[in-house]
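Student: Sequence:
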Amino acid sequence: MSLRTKIALVLLGVIGVFALANYRIQQTVFFERFEQLEQGLAETDINRVKAAIREEVDDVRSMARGWAEWDALYNYVDTTDPAFVLDNLSGSRLAGQGIDLLFILGKSDGEILASEGSDQGALRSLQGYLPVRWSRIQGADPDEKIELPLFPRDYFAPGHPLATTATDGVLRSGVLMTDYRPIIVASHPIRRSQGDGEPRGAVILGRFLDEDLAGTLSEQTGVSFTAYQADGRHEIPEFLNDLLPAIASSTKPVMIPDSDERLDVYGAFNDIRERPEIILHARIPRDVSATGAVALSSGLLSTITAGAVLLLVLLALMRHIVLGPLVKLTKHTQWIGSNEDFRAKIQMDRKDEIGALATEFDRMMDQLEEARAAYVATARSAGMSQVATGILHNVGNVLSSVNVAAELVNQKLTDMSVGDLEKLTAVIEQHADDLAGFIQQDARGKHLQPFLSALSSELMAQRNAALEEVAGLSRGVEHICELVKSQQSYAVTSQLKEPTNLAQLIDDAARISEQALFKDPDLTIDREYEDLPDIEVDRHKVLEILVNLITNARQAMEGYSPRHLTFRLFRREDKVCIQVQDSGKGLTQEQQTQVFHAGYTTKTTGMGYGLHSSANAATEVKGKLTASSEGPGQGATFTLEFPASLVSTPAPAKQ
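Residue numbering for the sequence shown follows the working numbering, starting at 13 and increasing by one per position.
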């Protein structure tokens, strides 16, 4: 019998027990708990609506503060300049800011100016009354003319809830009941933006709590609601009249189930006078009590009970059928991982899927052993190819210097003063019979000895220069031979370490690079070397790295001026560091790591192997190669680090 069949039969029995237990558990439903949860969510919903209205009040209050601290408005209260109205108080401008009502009040100084729609001839100076300098009330329909008794167009009486701000400097904000519909209002004393000077009146801003605003708040809160004015001046639904006393006196929302699907939630919102004259009505879906009561309670209890039974049964049976063999297979896998012996066999004698898994696992280990051997061979071949590419790149650099040295030797040999020597020989042969008399008496003979001395010095100088170039040529050829030898011995030998003077090695690399790229008369080089002992490294690999770094630095400065190279040798904590810094094109943050990738180059003619092979070579000699730059055009610094443990220990002196 297959493992799948065994588990299926076990699960079938467990599911039967689970279904029976679950059915019994569902007979008991904690409906009251879910009703409490539902009421709590409904209270949260109606409170979110109240919070949204308060946020609108805060928004209007913030706008009123901004208008009141506007210097242009401060000046307008006294001047009533028409240009200010044209520029700033148009209906479209106010509507764009969500302002349905705007009143600008002056100080109680006995002067009352005309407002929009007011009859100036009917006004008179009244001590303590606040004159209206300008006003506008507009609804959703711009052509609708709205007049509100609470907002007279001529002046505000001292007892008006928004009129005290001009004299006592107190901010007023909240919801105010009007004959039109509830309005969110805020008033603020008009001051200068710097806060100095006496208030010159007050500004009143308002925003109607109409269907549009209610719809916006519904979208924000996710709660659909209706706002009623319970101030006695507006009609409200009959069913709401009976609920008003309970709603107004309760600190919590009043909830009445409308049906099994909806819950009516009522809450009072205080107006600016702290009177509960706004009734909020929200209809909340009864999802929690309709579906959550049965689903959550029965699901919770049935999961706990049946799940425990299911877990115990499955653990007992699967330990014998599945877990035991799997534990054995796991331990065998861990042993192979720690010992890397892919030839070990698990040899599990089973006829089910676990037995087939064990057999396939043994076969997979055999294939993995073969694949690992092939991978090692492939990786070594790839490494040798990569090393060969880097060495060929370095051979090319040195060959350039060898070619230059050979050309210089040829040029110096061509320029040697052999012609002068031939002329001298002809003169001597011409006067061979009386050479002594010629030297002593003839005017030309008297110049023979100085001429011989000068010619000897010239030939000696030309010979020394040629020998110097030949020596450089020999060193280049020797370096090429070492590079070729390192490639030939790569597969069978390890690195050859020898005590190496890093300062001398840097200078050798600079000379080789100069020979490869020709001498640059405008290039200046600074050397900042600390006096450090020799280190035990593969001298030729480090030389390859330095030649690459210096050559790249010189190429990076082509077209830049001034061209300046700095070589540094220093010790930093437990590291011995070599730095090559140039004043060339620099590197971006991204390029500082990309330059070491195979095939990546910033040069139009480059192949991208030099720095890549240098980074690999640095790793091979237990070093590390990094790049840094302050950005494009700021030059770059390449740092080659060696652990201080490579410092050579001098041999003890012989007794």
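I should point out that these hints are in silico values taken from the structure, not numbers from a laboratory. The beta carbon of each residue, even a glycine, is placed where N, CA and C say it ideally should be. One should not assume that every hint holds.
Claimed, not checked - Taking lysine-lysine and the DSSO-like style, the derived pairs with C-alpha atoms no more than 27 Å apart in a straight line are: (1) Lys509 - Lys615; (2) Lys357 - Lys343; (3) Lys264 - Lys340; (4) Lys357 - Lys340; (5) Lys636 - Lys587; (6) Lys509 - Lys587; (7) Lys615 - Lys587; (8) Lys62 - Lys119; (9) Lys340 - Lys363; (10) Lys636 - Lys509; (11) Lys597 - Lys615; (12) Lys357 - Lys62.
Said to hold, decoys possible - Label-pair restraints from in silico Cβ distances: (13) Thr56 - Pro154: 37 to 45 Å; (14) Pro511 - Thr536: 27 to 35 Å; (15) Phe582 - His609: 50 to 58 Å; (16) Asp543 - Lys634: 35 to 43 Å; (17) Met472 - Arg584: 45 to 53 Å; (18) Pro154 - Ala260: 33 to 41 Å; (19) Pro655 - Leu425: 41 to 49 Å; (20) Met376 - Glu510: 46 to 54 Å; (21) Pro154 - Pro288: 31 to 39 Å; (22) Ala33 - Pro269: 31 to 39 Å; (23) Asp586 - Met472: 50 to 58 Å; (24) Pro288 - Pro170: 23 to 31 Å; (25) Pro511 - Met376: 36 to 44 Å; (26) Lys636 - Asp534: 45 to 53 Å.
Student: Hint numbers the structure violates, sorted upward?
Tutor: Hints 1, 3, 7, 8, 12, 15, 16, 25, 26 are the ones this structure does not satisfy, whereas the remaining hints hold.
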